[in-house]
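Residue numbers (the numbering used here): 1313 to 1630.
FYI, nobody ran anything at the bench for these hints, they're computed from the structure.
Note that CB positions come from ideal geometry on N, CA and C, so glycine has one too.
A portion of the hints provided could be inaccurate.
Label pairs and their computed distance ranges (CB to CB) [claimed, not checked]: (1) F1626 / R1434: 28 to 34 Å; (2) P1504 / Y1567: 31 to 37 Å; (3) G1489 / D1403: 31 to 37 Å; (4) A1407 / H1549: 54 to 60 Å; (5) P1399 / A1627: 45 to 51 Å; (6) A1597 / A1400: 58 to 64 Å; (7) F1626 / D1403: 39 to 45 Å; (8) M1570 / S1368: 47 to 53 Å; (9) E1621 / G1566: 23 to 29 Å.
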Amino acid sequence: MSAPRLRRVAVLVLDGAKPLDVGIPAQVFSTRGSMPYEVRVCGAAPGLVAGGDGLSYHVAHGLEALEWAESVFVPGYRHPDRDDPPPAVVDALCAAHARGARLAAISTGAFALAATGLLDGRRATTHWHYTRALAAKYPKVRVDENVLFVDEGRMLTSAGAASGIDLCLHVLRGDLGVAASNHTARRLVAAPYRSGGQAQYVPRSLPEPVGERFAATREWALHRLDGPLTVRTLARHAAVSPRTFSRRFVEDTGYTPMQWVLRARVDLARELLERSGHSVERIAAETGLGTGANLRAHFQQILGTTPSEYRRTFAKGE
1313 MSAPRLRRVA
1323 VLVLDGAKPL
1333 DVGIPAQVFS
1343 TRGSMPYEVR
1353 VCGAAPGLVA
1363 GGDGLSYHVA
1373 HGLEALEWAE
1383 SVFVPGYRHP
1393 DRDDPPPAVV
1403 DALCAAHARG
1413 ARLAAISTGA
1423 FALAATGLLD
1433 GRRATTHWHY
1443 TRALAAKYPK
1453 VRVDENVLFV
1463 DEGRMLTSAG
1473 AASGIDLCLH
1483 VLRGDLGVAA
1493 SNHTARRLVA
1503 APYRSGGQAQ
1513 YVPRSLPEPV
1523 GERFAATREW
1533 ALHRLDGPLT
1543 VRTLARHAAV
1553 SPRTFSRRFV
1563 EDTGYTPMQW
1573 VLRARVDLAR
1583 ELLERSGHSV
1593 ERIAAETGLG
1603 TGANLRAHFQ
1613 QILGTTPSEY
1623 RRTFAKGE
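Put together the whole structure using the sequences plus the hints.
Right under this line is the structure:
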C-alpha cells in the first residue's frame, strides 16, 4: 500500500516573530505516524530571521513555500501596529489564498493577513492588547475581541499566543476528526477545548478613559458598587446635568455611564472570585449585581465564561 499523501503546511516567520507563536503550528502539525503533515518553516527569504524576545530563526525556505503549501500559518510578531509586512510577503499570501490555500494567523499575525485586504468584511481577532489597534489600522475588518479564535472558512485568526493551540486543534478536528485532535491535545498536555473567550484574560473589563473630566466621579463610584448607582446619582456627584454627564462620559470612556458601572461591578466580582471563597450569590450582592443569575448572565455577556469556570481558572490556590 502506498503511504497516505501528506498535507502541506507552511509556517511563515516574519521579523520580530514570537517564539511560542512559531513553535505551536510547527509542533502541532509535525510529521509522525499519527499526523499526516509535512511542515516547512519559511521567511521572506531563506536564512536568518530576527525574532522577538531575544531569539532568532534560521529558516530553510523562502516565499516559494507558500506556493507549495495548502495551509499557511502566520505567527505573531512584535510591533504589528507600526511595522507592515514586506510587499512580497503580502503578494505571496494573496497568491496562496487565490490558489485555494488556507491562511491562519496566530495572535498579531492577524495584522499581516489584514494587510492583504483578505480580511476586509470578515470577522477576525488578535491578542487583546492589540484589538483596538487592529480595528483602527484596518477599519474594514470586523474585530471580535472576546473570542479565542475565529474561523472564516479559509481565513482563520486567533487571540494571544496560547490560543494558537486552540486554533490548531480546531484545524485538526476539521482535517482529521475529533480523535486525532484529542490525541494531539494529550501529547501537548493541553485542553482539547477551553471554556470562554480571551476576554476573561484581559486584566480589566473597564477601558482606559480617553479624558479625565469625571475621574473623581468614577473613583467615587468604584467605592460604592454594592449600592444603587444611577446616571442621576453620578451626575449629581459630578455637578452637571444627567444629559451633559452622559454625553461627556461616553466621550471620555467609550461607554455609557451604566455600561461602565456594569463592567466595574464585573471586575470587582472577578477579584472576589479569585481571592475569596464567597458564594456566587454573596458576590453578586456585594458587587451590586443583585442575584447569582444576574452575575452569571453578565459574566457570559462580557467575559464569555461562567463564574465557576472563571474561578477554576484564576483562583489563587484556594
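Checked hints:
1. F1626 / R1434: 28 to 34 Å: holds, 31 Å
2. P1504 / Y1567: 31 to 37 Å: holds, 35 Å
3. G1489 / D1403: 31 to 37 Å: Holds: the Cβ-Cβ distance is about 35 Å, inside 31 to 37 Å.
4. A1407 / H1549: 54 to 60 Å: holds, 59 Å
5. P1399 / A1627: 45 to 51 Å: Given a distance of about 48 Å, which is inside 45 to 51 Å, the answer is holds.
6. A1597 / A1400: 58 to 64 Å: holds, 59 Å
7. F1626 / D1403: 39 to 45 Å: holds, 43 Å
8. M1570 / S1368: 47 to 53 Å: For M1570 and S1368 the Cβ distance comes to about 50 Å; the hint holds.
9. E1621 / G1566: 23 to 29 Å: Cβ of E1621 to Cβ of G1566: about 27 Å, so the range 23 to 29 Å holds.
Violated hints are absent here; each numbered hint is respected by the structure.
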